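Chemist: As a plain string of letters, each chain reads:
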Amino acid sequence: MAFDPKILSFFCHWCCYAAADSAGVARYQYPPNNRVIRVMCTGRIDPRFIIEAFYAGADGVLVGG
Amino acid sequence: MASKKSGKVLVLGGGITGVQAALDLADLGYYVYLVEKKASIGGVMAQLDKTFPTNDCSI
Amino acid sequence: MEAGRSPNIEIITLAELKELSGKPGNFKAKLHIRPRYVDPLKCTSCGMCTTYCPKEVVDEYNERLTFTKAARIDYAQAVPTVYYLDEKECLRLQHESCQLCANVCGPNAIVFDQQPEERELEVGAVVLALGFGRVPEEVLEKYGYGKYPDVLTSLELERLTCASGPTEGEVIRPSDFAHPQRIAFLQCIGSRDVTCDNGYCSSVCCMYAMKEASVVKEHLPEAQIDLFFMDIRTQGKGFDEAFNRAVEKYGFRTIYARVPRVDQVGRRLALTYVTEDGKTHRDFYDMVVLSVGLDAPADAEVLSQRLGVELNHYGFAKTRVAAPLETNVPGIFVAGAFQGPKDIPESVVQAQGVAAECSELLAEVRGKDAIHKEFPPEDEELERLEPRIGVFVCHCGVNIAGVVDVKEVARYAASLPGVVYTEDVLYSCSQDTLNELVKKIRENRLNRVVIAACSPRTHEPLFQETLREAGLNPALIEMANIRDQCAWVHAEDPEAATEKAKDQVRMAVAKAARLAPLELQRVSVTPSALVIGGGAAGLQAALSVANQGFEVYLVEREAELGGNLRRVTGLLSGEKPQKILEDLIKQVESHPKIRVYKGTTVENVSGYVGNFTSTLRREEGSEVINHGVVILATGGREHRPERFGLGENERVLTQLDLEAELERRGGKLSRARSIVMIQCVGSRGDDLKYCSKLCCQQAVKNALRIKKRYPKKDVYVLFRDMRTYSFSEDAYREARKAGVIFLRYQPESKPELITKGKRLAVKVYDALLGEELLLPADLLVLSVGIAPGENEEISKVIKAPLTGDGFFLEAHAKLMPVELPVEGVYVCGLAHAPKPLDETLAQARAAAAKAAIPLAKGFVEVAPIVSRVDQARCIGCGICAELCPYGAIEMVKVGKRKKAQTITASCKGCGICASHCPVLAISMGGFTDEAILAQIEAFGAFVEREAEGKSKEEKAA
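Protein chains in written order, with my numbering: chain F, 1 to 65; chain P, 1001 to 1059; chain U, 2001 to 2957.
It is worth saying that the hints were derived from the structure and are not from the lab. There could be a bad hint or two in this list.
[Unchecked claim] Straight-line alpha carbon distances no greater than 30 Å define the calculated DSBU-like cross-link-like pairs of lysine-lysine that follow:
#1 U:K2814 to U:K2217
#2 U:K2373 to P:K1037
#3 P:K1037 to U:K2055
#4 U:K2028 to P:K1004
#5 U:K2368 to P:K1004
#6 U:K2668 to U:K2712
#7 U:K2593 to P:K1004
#8 U:K2750 to U:K2708
#9 U:K2373 to P:K1005
#10 U:K2857 to P:K1005
#11 U:K2593 to U:K2579
#12 U:K2857 to U:K2028
#13 U:K2857 to P:K1004
#14 U:K2373 to P:K1004
Bear in mind that the values here come from a model prediction, so they are computed numbers and not experimental data.
Based on the sequences and whatever the hints tell you, model everything.
Modeler: What follows is the structure, encoded as structure tokens:
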């Protein structure tokens, strides 16, 4: 069976979150494997968040900023 | 004596210039009539595909 | 969107100005409003009318490349988001034969018998922002447009590359739908062309051609793209750099030639053109794109007659350099492309500047007619209760519901902890639903709200306002983005999209449960401005702020006001620059609200928007002042490189030196028989990486002035690209007619100075003759460009970043051209980038408008996302203050210890401080550790479910 990763994404409000919105407006299609948490800046991301994400079972963490 | 002037401004044209002028005037404490001859504001800029990454002008 | 939401902007569409009477401050305007045939209060923009409308019409919005319906909206995000019936096309309105739209319209919004309306408005000022018009098709036909299907306009290509356009972003040629492999862009179509009466340069095409070529290349990496230029005119801030980068990255070929002839040969297009060496070439292309210029707006003539506004000979509004935003009629202002062809940043600058003009005129009645929204008091008791969460799942018509099973998501939400109410709604953002939302919040005593809909970036402010209307703190809402980042991007997998929507809702609910009310912070503002720099920009900015009714401190380092403008002795428009300067200085010095500090420097600026404190130092001693905002008008300086003997030989001058000579009787100029001007000495690569924007105009101006006084003298201008954009192209043409000789040189073979005894000559390669020329230069005039002033010091004091070139970096190159990343600090004039006088004066007013906004409000409102330091926990290490990119954390003494403290008004809520605080003493409003960790934990359920699913599958197998 193919690997179906579960990815937690932290997106910066100003850039990557906006880009993800634009991808939607442009109707780009991508696999539904990610779940998004919006932050005001990737600088907000405490290393603890990433560890907790893996602890919660994420196969990958995407920090977009 | 209170001034008899009107505190309202008429902006003709709903393109990026008109919209920006209206926003700033409203922020400065004036009431703005933004008048556009078409069915929606945005002007030519709304027709452009990519001008800059955020596309958050009038839309 | 923003304009659509402001209570102080009333958008009136389908309307025209019929009549204007009265005087500045008291105009009466008569509008004629055409019927929309759709009730905007009822329309939910669901799109059913378009779906069922049987009448297909050519889609003008998509440049006639596709079809739309008679009942339609031009594009999904249009403001107002209300459909309309096309009167000319609608079967019902034309033939009384159909009413399908009315039958399918759920909210009964269609009104066939709506009548045109006349409306009379009372206004204090009028702004003409008519934009630009289209170059007539006859002009395009000369280049095969209309005759050969694969000749497109630039705007057509714009729609083709758009993902939501007629081809969904696929670049194909119309004749056979194949991907074009060789594409040519032809510049100056309907610009710089006297045969179609558009003698001016449209100022934007060089940039947009490069942008479109780059976008096409992204779509079709194999394509080979050639661009045909007369001159490359990328004079704006950072444009040269972007242009060169694109050429290098995508391997574009740029060819200097007059516009080629276009013929169709077989299935391809043949371009015949003559390059500058006089050789004729013929090349074949699959597609030809016409970079069409900007024409005067079509309705300008009728309107100008109605209003008595003068137009120039091209049909644009006539303005003066001294007052670029004023028409000849007092109280009627102009901005944007109608004032002259210009790009987006320039238009935004003028829009902001024109706001200052109106605000100056109407300063005494500011706020008189503005509407202030009142909200009910917050129900703090309710907010303190255990979370009572309401979840609203939006269909967004079919946008979400077409993919995601919204009813299922709503059912699922009801099972989540803390959720006491759920509902699926058709359009969560429509006004009637918002009213319902307020009711539901009250009825169900909700104290937390989750909206599962579109993006919080665009819609959170709207829902926050709704919460306030319902008596809740605006921080108590969380959005789950199940449209832009779910339904739209997983359209092919509805099941997975529904699961994802559930997960995002669960995560949002988890966060919502941990949201706390946040106080909307208001910081009061000292109603005065500090303007640094007393040149043209500073003078105009100071005057505008003062005319708007606020105190101004104007600081000039030198003993005299005026800056660089003091050395300018003529303008292309014929206006007298010294008169303009004198007027400005006189008004500034006599203004009761302006205090002028000459021979003064600004030493120390501390504080934040609304509350700055600065030290002004002059010989007599220093003075500390308080002010609410800062305008940087620190100017630039003439770049004087040691090239071509400048500084050694007295017959080598700069253009500014020449301006002085031109005022003198006798002197060097009268003795010289042959004058050579060299452009880009220093600019565009030598010492300064950028284009200095105004040198070409200045050279043409001075060449013309020489020719006018001494018609027999020879004047040569050696240039790389003549950048006489907009109407200054007229002067370029006039100079050529007057006998000024213009010769292009390539950066690889720059002109050389030859000295023979006392005589000077310039050696330059002439492409047309194919040989080197030796031009006698009794006077050599260098266009030396503009270097940044002493921006570096101020940048450190204010913590405002500079560009690599040493000018101040604006907050957003297109939409925030006078704002800096530091709140409350604005920039204009040469401190921002090199530019001519009219643009400087417009920008100074723009900065004055932006600076006056916090002064006019009297307070700064801060979104409650800012950081807060728990000073009991803080150990005073100072890491946060060090790292904060906005200078929004200061270290203060509390008792004996240093503690961090957030400057609320400067904080942008990025949270860098919180993530680096070693003792977790900093919390971020709305983005607390607790809330984010709860989201992460809620994410875990997604993993569990997947794991369950897998084990089931395995068992089944």
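Chemist: Now look at each hint and say whether the structure bears it out.
Modeler: Now the hints, each set against the structure:
The straight-line distance between the Cα atoms of K2814 (chain U) and K2217 (chain U) is roughly 23 Å, inside the 30 Å bound, and the hint therefore holds. Proximity of K2373 (chain U) to K1037 (chain P) is assessed by CA-CA distance (about 29 Å); at most 30 Å being required, the pair is judged to hold. Between K1037 (chain P) and K2055 (chain U) the CA atoms are separated by roughly 23 Å; this keeps the pair inside 30 Å, and the hint holds. Pair hint K2028 (chain U) plus K1004 (chain P) holds up; C-alpha atoms about 13 Å apart against a cutoff of 30 Å.
For the proposed pair K2368 (chain U) and K1004 (chain P), the alpha carbon gap of about 10 Å is at most 30 Å, so the pair holds. Distance hint between K2668 (chain U) and K2712 (chain U) is fulfilled; the C-alpha atoms sit about 16 Å from each other, no more than 30 Å. Taking the CA atoms of K2593 (chain U) and K1004 (chain P), the gap is near 23 Å; set against the 30 Å cutoff, the hint holds. Taken as a hint, the K2750 (chain U) and K2708 (chain U) pair is honoured in the structure, with Cα atoms around 29 Å apart against an allowance of 30 Å.
Between K2373 (chain U) and K1005 (chain P) the CA atoms are separated by roughly 23 Å; this keeps the pair inside 30 Å, and the hint holds. For the hint linking K2857 (chain U) to K1005 (chain P), the alpha-carbon distance of about 20 Å falls within 30 Å, and the restraint holds. Simply put, K2593 (chain U) and K2579 (chain U) have alpha-carbon atoms about 23 Å apart, close enough for the 30 Å limit, and the pair holds. For the suggested pair K2857 (chain U) and K2028 (chain U), the alpha carbons sit about 28 Å apart, so the restraint of at most 30 Å is met.
Simply put, K2857 (chain U) and K1004 (chain P) have alpha-carbon atoms about 22 Å apart, close enough for the 30 Å limit, and the pair holds. Simply put, K2373 (chain U) and K1004 (chain P) have alpha-carbon atoms about 24 Å apart, close enough for the 30 Å limit, and the pair holds.
Every hint from the earlier list agrees with this structure, and none is contradicted.
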